[in-house]
Amino acid sequence: MVLLEGKRQMKLELKGIGKEFDQGNGKQVSVLKDVSFQIDGELIVGILGPSGCGKTTLLRIIAGLERPTSGEVLLDGEPIVKPSPRMGMIFQEHALLPWLSVIENVSLGLEMRGIPARQRQETATKYLELVGLQDCASSRSYELSGGMRQKAAVARALSLEPSLLLMDEPFSALDPQTRAQIQADILRIQEKTAKAIVLVTHSVEEALILSDELVILSSRPGSVKELIKVEIERPRDRMNPQFLEMRETVLAYLNGGKQ
Amino acid sequence: MNRNLLKLLLPAAIILIWEAVALYLNNPFVLPDLRAVLSVLSSPTTDIMGSGSLLDNGKMSLFRVTLGFFIASCLAIPLGLAMGRWEAARDIAGGLLSAVRPIPPLAWVPLAMAWFKIGLASMSFIIAFGAFFPVLLSTLAGVRSVKQSWLEAVSMMGAGELNLIRKVILPGSAPEIWTGMRVGFGIAWMCVVAAEMLPGTSSGLGYLIMYSYGWGQTQIVVAGMVAIGIIGILIDQLFLIVERRWFSWRANDR
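Protein chains in written order, with the numbering used here: chain G, 103 to 361; chain A, 278 to 531.
These aren't lab readings, by the way, just hints derived from the structure by calculation.
The beta carbon of each residue, even a glycine, is placed where N, CA and C say it ideally should be.
Check each hint, because a few of them may be wrong.
Which bits of chain A does chain G cover? Going by a derived footprint, with three or more residues having C-beta under 8 Å, they are [as the list claims (entries may be wrong)]:
hint: 1; stretch: 433 to 442
hint: 2; stretch: 445 to 453
hint: 3; stretch: 487 to 501
25 Å max Cα-Cα, derived SDA-like pairs, lysine to any residue [to be verified]:
hint: 4; chain 1: A; residue 1: Lys424; chain 2: G; residue 2: Lys113
hint: 5; chain 1: A; residue 1: Lys284; chain 2: G; residue 2: Ser241
hint: 6; chain 1: A; residue 1: Lys336; chain 2: A; residue 2: Leu373
hint: 7; chain 1: G; residue 1: Lys113; chain 2: A; residue 2: Cys351
Residues from chain G shown here face chain A by an in silico Cβ test under 8 Å; the list is partial [as the list claims (entries may be wrong)]:
hint: 8; residue: Phe123
hint: 9; residue: Leu167
hint: 10; residue: Pro185
hint: 11; residue: Pro187
hint: 12; residue: Phe193
hint: 13; residue: Ser203
hint: 14; residue: Gly216
hint: 15; residue: Ile217
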């Protein structure tokens with residue numbers, strides 16, 4: 103299985119992202135304020151922040167699903183103004199189309215790109231194998247467990263070979279065991295496919311298990327409070343003293359302390 | 278108790294009472310007995326007093342209703358999709374449609390006759406009116422039931438508006454559209470029979486009923502009504518079979 107073909111360094115830049123919503127009564131509420139950071143290369147970057155700090159909005163702005171009120175997002179130097187297949191998104195809810203089989207879901211993007219049926223089948227099968235769902239190719243999404251659905255969503259996001267994967271609390275609805283397992287899968291997949299990943303999560307542990315770097319946002323309006331490099335050796339052990347210490351540090355930032 | 282038996286209980290009781298009353302009255306013009314009705318129903322290909330057989334008239338009605346229903350669907354589904362998807366389309370068409378909706382299809386009969394004369398065109402027009410709104414409203418509801426996350430997931434694949442409609446909105450709202458078509462066909466079926474009862478018509482089950490009534494042949498009237506009921510049930514079942522076969526994901530996805 104060759105997955106690293108045509109791989110190139112990607113660069114994501116966020117420049118002064120601000121977002122205001124109209125509350126409907128003419129009042130503007132500011133959700134994000136002057137968020138800037140950049141991601142160079144195939145890193146996993148976790149975005150953490152208190153609830154309501156606009157982390158999901160930030161991810162949606164990166165995805166091009168929403169437009170920022172100010173600032174811009176650049177992917178390899180090009181501004182993102184609408185959704186782009188150069189990014190794959192994994193939603194909180196799997197968002198698989200229930201009238202299609204798993205493999206049809208995974209190959210839908212390829213179909214719209216005009217890739218011939220046989221090649222679609224091959225590519226889709228390759229990514230289903232990667233996430234371990236080759237035996238469920240013809241199942242419907244509602245026949246799968248929660249964890250399998252998210253895996254199928256991962257395969258779908260990978261099928262168009264994006265350089266960046268965006269994940270919006272993708273494992274929050276899963277039970278802890280499934281969660282730990284799919285986190286391990288993500289790390290394995292990331293290593294094999296060399297994707298950069300931006301992960302929004304509310305779980306400090308999850309962020310520390312997965313991320314190379316952390317972006318910690320302040321409470322509303324969200325702005326970058328701290329950028330942290332997570333330099334714990336992999337595979338990471340939740341009980342490792344270094345891990346626990348890091349966890350304390352991050353929690354302290356999130357709870358408003360530690361300037 | 279067996280449920281199928283339970284379902285048959287009420288119809289059986291009604292038939293019994295009917296038969297008892299018919300025997301008591303002994304007036305076939307008011308209430309024909311079961312045997313007379315069954316003898317008409319059991320020979321559906323026999324010509325009835327020069328107005329064609331039960332089967333021929335049934336086919337005629339079915340042809341008319343299918344044509345009108347087809348026209349209604351061709352108009353209502355695209356319009357519903359557009360109104361569901363684009364606010365502007367909703368703003369433009371919404372007001373007029375909600376003003377026209379309360380007008381019963383049969384109230385259009387005089388205008389339909391003035392515009393199209395009596396015949397297939399005017400009947401199709403009335404039938405189309407009957408089927409149009411159920412299909413339109415359920416298409417609208419269907420588009421609204423399409424999850425935002427489906428649209429976003431597919432637009433992340435680089436889909437434009439056309440692909441979103443083709444790959445997400447249309448298949449995603451298909452179960453609701455289908456339900457609307459089922460309801461619409463039921464209404465269309467009622468409209469065709471009513472339209473065929475209008476003076477000047479010379480075929481169809483509605484015509485057959487009125488014609489037989491004029492000759493005092495109540496057993497044919499009842500047989501015609503039964504035929505209308507049976508055809509209605511069969512078509513509804515056909516819709517249900519398709520629904521179960523293709524749209525089972527809807528029930529499972531919730």
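Broken hints, by number: 3, 4, 5, 6, 7, 8, 13, 14, 15
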